[in-house]
Structure formats: C-alpha cells, structure tokens
Amino acid sequence: MVRVKQRYLLFTILYPSGPQATSTSATTAPSKVTQSMTFHSPSPPNLNRTSLASIIRSSISHNFGDWGIGQCGGFAVKYFSPATSTGILRITRDNYRTLWAALTYIRELFGQPAVIKVIRISGTIRKAELEAVKVAEEAIRRVKRETKGLKSTGNLKDKKDVAGMFSGGKVAAQTATVADEDEEDDMVVDIVDSENDDGDEE
Amino acid sequence: MFYDLNIPWTSKDDPELARTVAFLDELGYNVIALNQTIAGKIPSKIAGIANLIPVSPFPDHPNIRFLRRVTIVLDDPSQNYGLASLSNNFDIVAVRPTDEKLLLQACTSLECDLISLDLSIRHPYHFKYKVLGQAISRGIRFEITYSASVNESNARRNLLSNATALVRATKGKGIVISSEARKAMLCRAPFDVINLATLWGLNQEKGREAIANGPRSVMIQAKMKRQSFRGVIDVVEGGGVPKPAPREVAKTTISQKASGKRKAEVGDNDGTAVETAKDSPHAAESAKLEVEATPAENNETRPTKKQRKKERQAAKKAAAKA
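First to last, the sequence lines map onto chains R and E.
Those letters in the first sequence? Residues 735 to 936, by this note's numbering.
Those letters in the second sequence? Residues 1261 to 1582, by this note's numbering.
If you're looking for bench data, these hints aren't it; they were derived computationally from the structure.
There's no promise every hint is true.
[Said to hold, decoys possible] Computed cross-link-like contacts, SDA-like style, restricted to lysine to any residue with a CA-CA straight-line distance of at most 25 Å: (1) E:K1483 - E:L1370; (2) E:K1466 - E:S1488; (3) E:K1443 - R:K868; (4) E:K1443 - R:G845; (5) R:K739 - E:K1483; (6) R:K868 - R:I855; (7) E:K1443 - R:I859; (8) E:K1466 - R:G845; (9) E:K1433 - E:N1418; (10) E:K1431 - R:R831; (11) R:K739 - E:I1480; (12) E:K1466 - R:S856; (13) R:K739 - E:N1463; (14) R:K882 - E:K1272; (15) E:K1388 - E:D1335; (16) R:K878 - E:I1324; (17) E:K1466 - R:I855; (18) E:K1443 - R:S793; (19) E:K1466 - R:N829; (20) E:K1466 - R:R827; (21) E:K1390 - E:L1364; (22) E:K1443 - R:S856; (23) E:K1443 - E:E1465; (24) R:K882 - E:K1503; (25) E:K1433 - R:S856; (26) E:K1443 - R:N829; (27) E:K1466 - R:N797; (28) E:K1272 - R:W801; (29) E:K1443 - R:S751.
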C-alpha cells in the first residue's frame, strides 16, 4: 500500500490597508517604527479555522470550479493563530499548486483587504511548525530592534502600539517585551495542540 | 533578488503609492521600477518628455533600489517614436503595442527594452513565434502583468488565456512578470507569483527566472545601451593612480593579497568615501577587514617563530650534550 503524500503550506495573512480597522490606536499615518509591522496586524476575531476553510473553499470553487473542489477540496486547516495571522494547511501533494493559487487569489477577508503569503511548503507538519516558530521569533526580534531604536528618541506611545498590534490587542496595556514573550509561548502551545489534533484524526 | 518592473507612478505625495512600495518591501522585493505611461499623440520633440519621477523617491526604504521606467503606448504605425533619445532620461524604455502590426514593428525594429502587452483584454490575433522570436533574439523581453487578474474575474480569464498563449509562443523564454499594481492589496509575494506562473505553463525555474534574472537582464541591458560604447564595452572605473588612501585601508589591501573577493570590495570603496563617512557601512567593513587581517598575519608568522624556537631549543640541547 502506497502512502498518501501530503504537503503542508505555512502561510501568513498580511493586511495591506493597515491596522486601522482592528485597533483604535494607529489610525493616523504610520510612523517610522510601525512601518515594518504595519502589515502584520492580527486577524479579525471572527476568523477561525472553520471560517477560513470556508473562505478558501469558496475561492477554489470560484477560480477552479467543480473540478477544483473535487481535486483539492480535501484540504484541512491544521493550525491557525488569529493573533499572528499564521496558519498551516494540509493538502495532497498533487494539488498543492491549485490550492496555493486559490490562496493567492483571495483579496479580502470579512471585508478587509488581505493578502495571503505562503512562507513555506513542507512535506511534514513538523518542519512547517519549526519554520512558523522561526518566523515568529524573527518578527519579535525585528520589533524589539525597532522599539530599541525608538527608545532613544523617547517615543513610547508607538512602542505600545506595536505591542498591541502584534499580540492581537490582548496585552496592549503591557510593555512590548512582556507582550512579545507571551505571544511566543502562546504560539508554541498552539502548535503542540494542533499536533495532537493531527494524531487523533489519523 | 526579486524585481517588480511596473509600479505606476502617480505623485510623490500619494499615500497609496507609498503604501504599495512599503508593502512590496515587506513582501521581499529588492528592485522596483516606477512607471510613467505616455499615451496618445506624441509631440514631435520626444526628447522633451520630462522625467517626472525623482531620482530617489522614497528615502525611507534603503533596501530597495528604484528604477525609472517609461511606457509608450503605440497606436499609430506611421508615427516616428524617437525611442532612442528617451533612454537618456529613463532607466527602462517599454512599449505597449495595441495591434498586430505595431507588435511586429516593436519586435523587429523599435529601440526598446521591454514589450508590455495588455493581457487583460482579448486580442483578435494570435501570438506567433516567428514574430516574438525576433524580439527575443534582440534581447527584448515580454512583460506579463498580474495585478489586473487579482482584481477582477474577467481580466483573470483573459490573462490566463493570453499568458498561456504568450508562454506557448515564446517557449517560456524572455518572459518578465511584474505587477502593475495601483493598490497595495493587488501585489503578491514573489513565490506566490511564481506559483501563478505555473498556472500559465511556466515551470518553477522559468517562473523564477521571470521575476528574478529576466528583469535583471532587462535592467542591465538598458543600462548598457545608455552608457556603454555601442552597447558592448563600458568603462566601470576610470583607472589611473589611486587616491592616497587612509592608513587602515592601505593595510588591508596589503595583507589581503590572497583573497580576490575582499580585494575587490576594498577596491570598491573609494578612498574619499571611507575618509568622509567614518560611520558608513564601508568604513565598518574596512574596519572589520582590518580585524580579520591581523590574525591572518599572525598565522603567516607563527609557524616560523615556533620553528625558530624549536631550532633554538634543539641547538641548546645539542650544546648541553656536547
């Protein structure tokens, strides 16, 4: 019996219109520090694994019709974190390009302009998870670097904005460093959970 | 290095353009060409077309290199477009032929760097290799712009059919993919674009070439046409006696005789640049080189010292024995 080969797509959602729809803090023109994190805002609260799956399915059916749904309707959203807007999809190996194209053609999520960027294609979910952690760490390092640069100019309000933006507004009142560490832990735990889900299903 | 050779220029103060550029930076593009389109009746003195785009439009993005491009919409075969004179003002000169005759003219005779067909509408003719191949053999590339297909369903259909036809007719050679995005939300990340290219019949390598190496050769070829002697020879550096360099740089050049790459880097920093800007990356680089250089010197001398010591000890022993 030949094993079914799968592909795991690690993706992140970028919001090119900026965070004005989700957070109240950064409505004005983005300052220099928020420039890099402008597009990495948390997802809308009603975006979860099931709603994301239905959006992707409708995009497949719009672009590739019944054939597309038949070929790659069997994908699964293995993990999605609304705080970091990162997720992992599973799809059979032969059809991953079709699914990827459907992701690329998604223009908006719940009325907000969105761009889905695929970061990595992997044959095992483990490697996709490792890459997700790596990307999150890199993002945290980048924010820290930039807030450090800002500290010297003494602009602390924006620092809080960045923290709030990155962690889904949950810990916006706290300082940037604490918020970031929380975020990282959250992410790792989530990934472990999703792995357990995987085991249950199969 | 990823290239996006078509971002329509509006004005310097346009927030959407600034946002688009910032978003492209975020997505991982390295070179962006800002495009100025000229349509309709062209004045007889074409050299008078001013370049509205400033040299460094967005100083906030130091990682991105900006090019300035002009696209001429061709709609009259009898008109003489003095394209060669345009290349003095712009980095890339592109043409957009509107019918088959003009496409043939653009492929065979016009002095342009890029042929940009509007693929989001239906063309009443087929692309033939006989025509397109002439352009490819002259080093002119064809541009596919994808952002209209992201935006609208009808454009998506037309683009799919046109791009597939273009890829078939050119056999996948000489294709350049760019966005032509007027909004930030219409841009896509480089690898997502490569994946879209696989839908048009390009494979992964050719798709990558269409967004990385292909645009690069367009850029370099345009530069060569503009600067060099008959498009063949270009003098990169005037040569002559080098300026008296500061001491640290001189040290590195002497000690780094062996490695050719470092030598080239040192050659790149002009003496003046290092002198004036101590805190610039060049200065840091040369300082780093100096640090690297000293252990290298030690390595060269250390064995001989040891040997001498050994020799001395051996001589002492021999003397004691005697």
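Hint check:
| no. | hint | verdict |
| --- | --- | --- |
| 1 | E:K1483 - E:L1370 | 17 Å, holds |
| 2 | E:K1466 - E:S1488 | 29 Å, violated |
| 3 | E:K1443 - R:K868 | 30 Å, violated |
| 4 | E:K1443 - R:G845 | 16 Å, holds |
| 5 | R:K739 - E:K1483 | 47 Å, violated |
| 6 | R:K868 - R:I855 | 15 Å, holds |
| 7 | E:K1443 - R:I859 | 34 Å, violated |
| 8 | E:K1466 - R:G845 | 35 Å, violated |
| 9 | E:K1433 - E:N1418 | 21 Å, holds |
| 10 | E:K1431 - R:R831 | 21 Å, holds |
| 11 | R:K739 - E:I1480 | 43 Å, violated |
| 12 | E:K1466 - R:S856 | 21 Å, holds |
| 13 | R:K739 - E:N1463 | 21 Å, holds |
| 14 | R:K882 - E:K1272 | 30 Å, violated |
| 15 | E:K1388 - E:D1335 | 20 Å, holds |
| 16 | R:K878 - E:I1324 | 22 Å, holds |
| 17 | E:K1466 - R:I855 | 19 Å, holds |
| 18 | E:K1443 - R:S793 | 21 Å, holds |
| 19 | E:K1466 - R:N829 | 20 Å, holds |
| 20 | E:K1466 - R:R827 | 21 Å, holds |
| 21 | E:K1390 - E:L1364 | 10 Å, holds |
| 22 | E:K1443 - R:S856 | 31 Å, violated |
| 23 | E:K1443 - E:E1465 | 28 Å, violated |
| 24 | R:K882 - E:K1503 | 39 Å, violated |
| 25 | E:K1433 - R:S856 | 29 Å, violated |
| 26 | E:K1443 - R:N829 | 30 Å, violated |
| 27 | E:K1466 - R:N797 | 24 Å, holds |
| 28 | E:K1272 - R:W801 | 46 Å, violated |
| 29 | E:K1443 - R:S751 | 9 Å, holds |
The structure fails to meet hints 2, 3, 5, 7, 8, 11, 14, 22, 23, 24, 25, 26 and 28 from the earlier list, while all remaining hints are met.
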